[in-house]
Amino acid sequence: MQLLGTQLTNTSALAGNDVATFPDFPAEIRAPRGTRAGVSGFQVRFASEEIFTPGDHLDALVVMNPAAMVTNLGDLRKGGILIANEDGFNEKEFKLAKVESNPLDASVIEEVYRVIKVPMTALTREAVAAHGLSQKIADRCKNFFAMGLVYWLFGRSLEPTLRFIEDKFGKKPDIAAANISALRAGWAFGETTEAFGESYQVEAADLVKGTYRNMMGNQALAWGLVAASKLSDKDMFYGTYPITPASDILHEVTRFKNFGVRTFQAEDEIAAVCATIGAAFGGTMAVTASSGPGIALKAEAMGLGMMLELPMIVINVQRGGPSTGLPTKTEQSDLLQCMFGRNGESPLPILAPRSPGDCFDIAVEAWRLAVECMCPVLILSDGYIANGSEPWKIPDVSKLPKIVIKHPEGGESDAPFMPYARDENLARPWAIPGTQGLMHRLGGLEKEDGTGNVSYDPANHQHMTDTRAAKVSRIAERIPDQDVYGETSGDVLVISWGGTYGSCHTAVRNCRNAGHSVSHAHLRYINPLPKNLGELMRGFNKVIVPELNMGQLRMLLRAKYLVDCIGVNKVQGKPFAVSELFEAIESHVSTAKDGKSKADVRNKAG
Amino acid sequence: MNLPVLKAADFASDQDVRWCPGCGDYSILAQMKKVLPELGVPREKTVFISGIGCSSRFPYYMNTYGMHSIHGRAPTFATGLKSTRPDLMVWVITGDGDALSIGGNHFIHCLRRNLDINIVLFNNRIYGLTKGQYSPTSSEGQVTKSTPMGSIDHPLHPLSVALAAEATFVARSIDAHVKHLGETLKRAAEHKGTSLVEVYQNCNVFNDGAMAYAQERKQRAENVVELEHGKPLIFGTNNDKAVRLVGNHLEVVNVADVPADDLLIHDEKEMNPSIQMMLARMRYPEMPEPIGVLRAVQGIATYNDQINDQVTAAKAKKGEGDLQALFNSGDTWEVA
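First to last, the protein sequences are chains A and B.
Using the numbering used here, read the first sequence as starting at 1 and increasing by one per residue.
Using the numbering used here, read the second sequence as starting at 1 and increasing by one per residue.
For the record, the hints were derived by calculation from the structure and aren't laboratory data.
Distance ranges between label pairs, derived from CB positions: (1) A:201 <-> B:325: 33 to 43 Å; (2) B:333 <-> A:574: 29 to 39 Å; (3) A:458 <-> B:145: 28 to 38 Å; (4) B:153 <-> A:139: 49 to 59 Å; (5) A:324 <-> B:286: 43 to 53 Å; (6) B:333 <-> A:31: 34 to 44 Å; (7) B:141 <-> A:344: 35 to 45 Å; (8) A:448 <-> B:130: 18 to 28 Å; (9) B:325 <-> A:75: 34 to 44 Å; (10) A:407 <-> B:249: 54 to 64 Å; (11) B:298 <-> A:550: 55 to 65 Å.
The C-beta atom is built at its ideal place from N, Cα and C for all residues, glycine as well.
The following block holds chain A by itself, in its conformation from the complex (with noise of 0.2 Å):
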């Protein structure tokens, strides 16, 4: 079903579409089919103009068997084309998906929906049959069938997906051809049946001139670093340890070994990130990736190489937790780990990506900051983010700007070498091993200012730790300003960071175009935050922050600002719909004459 959402995706996507997808899937590698448990979902939204989520409501479904169908259903709009299998529903299928009879003959389904049933197991038989594959194999062709009647129905090309098949089946040349068969006895189906009445038309969308391709965000963030690693001339040394949902970052560079990079899957996650540190202290560009539990793992090398002060970039794909958590489904709750999760004083900066496409900016900005400051660097993405796509506008590389790195140079002098003398950000210089005259050890010990020597001197203890704050808090004076969608003052200001910037924005285009004094500010600086953001919030009658996780960004910034924030707050290994927002934020905005919320409700976590 993956594999099907994403052919549409690129399919709707090459068709000009504007694009945004939401794969929802099982933990479990084998969920057992038919179960409730067991249904991989992927919905795709398509549209003619820009559009930033995929969507609250449905507008059609398609389901292959009875649990697919009761665990969807809600979704569907009033109205709304539901497609079944016919053949996925019988005894034994209503018995695995825990239901008493067949759902499709409940009369309201006929009465809400519009309710299109085809024989889909035997009409892939049938179109198959001349393949000789056993039934087994054949009934595994009866997804692309059903591709092949969306195809119809929205009017897309089958073009890319036939390009597809022969490319990932052209060693299995009787199973490409019976996919291909599959697909297109699908749309033939859809075209002389007369029970759609009518198919769908969606023009290209108004985007921005140039090339386009469609992104997802695991491999914008791996095609990130490889730029990065390119244009900073570094080799790129990425050490992890698989973990859902980062491995796919894994999977896309490794591909990478003709542009410099080396991939070290190691044992565990604290292997992972101390030889990265390692491959760090060699001068190399230094990556490492995890999720959630992994990020716990790495807490005490991550503490090492900010002591240490050697560039890197760690990245946390966030997961449902705590501890195992949801493994495939997205929330926002690392934040507060990623802030302070480590022993001591340690601040690292901390940046997070607003979608799929945005994951390649915030890579090389990632590793930009890591050189400029040499400290690690976190990335907070998320699962949405992660395994969901959208248009990206393909960069001219001539254009994109250098990363220029300077590894002090030696000499025979055996002048003492000061390996933390600091530059005018606080920097010290990346003195790496090979070179003549500046040899010094490093250590997770506490060290004497400059000359890097341990040191247990109280008032060194306290300059280092200093020194080391400061470090992060000045990047604030190098990034841009918060910008904000709307005016910079008025009734409401809502902030958000990371996955959740399309749906808050949506909701809040909708409540300006509702008449109400809203906006937003979509923050990509999570550590630092900008420095006008104190006197931003400070211009509105209330802030809102709607996040998925209990409240942790509004922590920080009622800590920060002694502004107070009110919550808008979920986890349910979901993202936010549009409506829900719209509804929060409306409950909030003041009328225009007594100057008071519609409903002073707070969320309980508030």
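Since the structure of chain A is already known, use the hints to place chain B on it.
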């Protein structure tokens, strides 16, 4: 080319050494400084990486590049460094707690990957820096601060672990046996692949004399056998004892009592580690404990060579990576 000739003193850093007076670490440090000039590797190409513990202060005392890292993880830092900078000579300095307890995982994985580095494991069978708790190599029944009724742990034997991980170079030496120690470190440095040298090191504060049977010159002759490739395992104050293989175990015999052909001849180059494992399991007081090189096999690819060879091969096959070509690959569309 006229290379500067380095002396041991050139490898001393300007930092005061802060081990307890009488600690076995001093001897290892001295031998290291003595051996390094003989290797012909410039100081700036030499890196010492350590974990946490008394032994792990070692890098601070060397005038080379160095990193004092976190507990148990030194081999992992070395992996990242050596994989990206194969031109450097990398040493890992670790202890029995560091390498075998908290770092046990990384220790075996480094060995099985055959990363071309040298690991020197200072084994004093006690936790020193945390002041006297038992370690994974402490003897069963040993009374320490954390085992007032005696340790109930069966000890771990680093050479056995290393052989089980199919390490390509496995050796043991003794802090007090300075000449042997220097020679063993040199052999380790010259080996291509991961070299493990276990060094019996006396902690004179928390576990004094635990290995006196091997460290004191008079006892050593009776309790230790020095391995030499291609030679029988002869030991004893009068060189009158040897080891032979009977069935599937080793036993001590009097040289005078058996034909010379019966004696076990040491073969460090044998790929099958079975007999080397038997040597590693010779333990005091039942058997003499072996020192020297148990295993030194060649021809097994190193991790650092392979990770870099793949990059070279990929470039040869696909050409140097081109970002713009990557971005424009596959399905794209124009918006006019």
